[in-house]
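S.K.: For reference, the chains in residue letters:
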Amino acid sequence: MTEADGAGAQTLDVSLGPQHPSTHGVFRMNVRMDGETVVKLQPVFGYLHRNHEKLAEGKSWLGSMPFTDRLDYICPITNNWGYALAVEKLAGIEVPDRAEYIRVIVGEMTRIQNHTAFLGFILGDMGAWGSALMYAFREREKILDLFEGLTGARMMANYMRFGGVRCDLPAGWLEKARAYIETYPAFLDEMEKFLTGNEILLSRLQGVGVMSAERAINGGLSGPVLRASGVDYDIRKVDGYGVYPRLKFRVPRGTVGDCFDRFMLRILEIRESIQILQQAFAQIPQGPILNPAVKTRGFKPPVGEAYGRIEGPKGELGFHLVSDGGEKPYRYHIRPPSLINLTLLEEMCVGTKIADVMVILGSIDIVLGEVDR
Amino acid sequence: MNFPGSGIFKGMVVSAINLFGSYFDRAHAKRLITEQYPEERPTLPEASRSFPFLVFDGDPEKGIRCVACKICEKECPPQCILIEQDRDENGKLLRRPKVFNIDISVCMGCQICVESCPFESIRMDNIYEVSSYDRFDSLVLPKEKLLKSNEYYHSIHPTEAAETDARIEAARLKKEAAAKAAAQKMAAAKAAAEAKAAAEQSSQPESQA
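Chains A and B supply the protein sequences, listed in that same order.
Under this note's numbering, the first residue of the first sequence carries the number 1, and numbering increases by one thereafter.
Under this note's numbering, the first residue of the second sequence carries the number 1001, and numbering increases by one thereafter.
It should be emphasised that the hints constitute simulated quantities derived from the structure, not laboratory data.
Computed from a prediction, not measured in an experiment: that's the story for all the values here.
Ideal Cβ placement from N, Cα and C applies to all residues, glycine included.
Where hints are given, some of them may not hold.
[To be verified] Some chain A residues near chain B, calculated using beta-carbon distances under 7 Å: (1) ASN158; (2) GLU190; (3) LYS193; (4) PHE194; (5) ARG297.
Work out the full structure, taking the sequences as your base and the hints as a guide.
M.R.: Next up, the structure:
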């Protein structure tokens, strides 16, 4: 469909998606273009809506835990963590030390594998299908194998419980994980040699989709997208949940806020995650993994409400829970980082070429399971 | 070495190392070999789980651990379990299931039934070849297909099964000890009553005399 504007030039409306291979799932963008330049962009989502929040109101508190795996299916364990943290805040449950360390270990491994997958996906968005994605998935698969050995499933882990984790580390798991993480920086160096100096990659990423720090804060962005704009805001530092205050790590920041900053920020975050993991491997104590006061069946938190949030790999993942003292949540609301990071998509895209829209969308790193819920 | 295009050249060196290196790096994990699936099968980790099954000890009819308490049916998040309690000929409810169906087209393998079962009777299997030509009936597993022996459970999850057996044994010993204590108490009470009766009997002739 074309329409004439006042100057006699014609604009073209294109519907990108929902089945476009670069849209990371079933996501649609209605783009109005002047030649190849985007003048207007309207995101359309809801194709993957599964009624998660309302379903949770009909399930027991624990019954929603396996469904949180399916929010952001690239990193299910951090979703478990966010939900468990919110319920623990609501009911005032203490978590044993060993469980907190296990949570940090699996959480940071989730962050590493999410960012690794991102490195592959963004190359795919730039049109370089193949090597980069395969190298990234080769490494990600090894972390998923470790998760399978621990939780029983590669992706749908269902691992956290209120007041701890479901099962202890199997014999030899920690050694295997430590040995693997030691080999990881070598892969990352190879990946950097492979990608970051590449002139084509630089010209596709630098100066594309610039987001100022002020606009990023006003838009409520969080996670790597916010930090790439130069804002020092990491919930691991701000809230200091779990045992993060005991671990030393830095929060990388970007300066320009373009796609290249978002790309490099993920690589730097992986390096910091490796630092965190090495400290956690050294510090993990022996002890119980689950608070014995929490019942499996008939768990009832007291009347009240709580908002628990964690720094997920994609940003601030929050759960707002309201309890009426019953076996089921009265209200269950999620603050998904992917959805809220998408709100400024139009601002980033207007004025760029149509081919850059895919790169910008890729640099935000969304998962549609979380956007639509 | 910053001539134009040097970044691209470096990247191509990396992909060349990965490509040709894989021919010489036979022992190393970097060389990825396609698994020849039906002929070769992956070795699953011990924790691996797919769908639930029912454990029995010894005889599949008598040794079934499930008592049809329906806790798993209630706790199952996607509600894929259907249980009907068995009755004897007089219509009295028995502590065993008559119908126990799991719809594995609905089941998501979350393991919450396993955690909620107080009788250690439902456990996770690690089968993965369950596809069929029929969408409905063949994916609803009835009790006969779900029942698997404790030995099978030991063969797929040895550590977990040993822990379960230890727990059951501890519970049995505790129960036996309690029963023994109760029996001793009963015996003591009976002996005391008998002694009392004997004393009364022995005192009676004296009074008659």
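S.K.: Decide, hint by hint, whether the structure agrees.
M.R.: Status of each hint after checking the structure:
1. ASN158: Holds - the Cβ of ASN158 of chain A comes within 7 Å of chain B, reaching about 5 Å at its closest.
2. GLU190: 6 Å, holds
3. LYS193: It holds, given that the least Cβ distance between LYS193 of chain A and chain B is near 6 Å, below 7 Å.
4. PHE194: 4 Å, holds
5. ARG297: 5 Å, holds
Violated hints for the displayed structure: none, as all numbered hints are satisfied.
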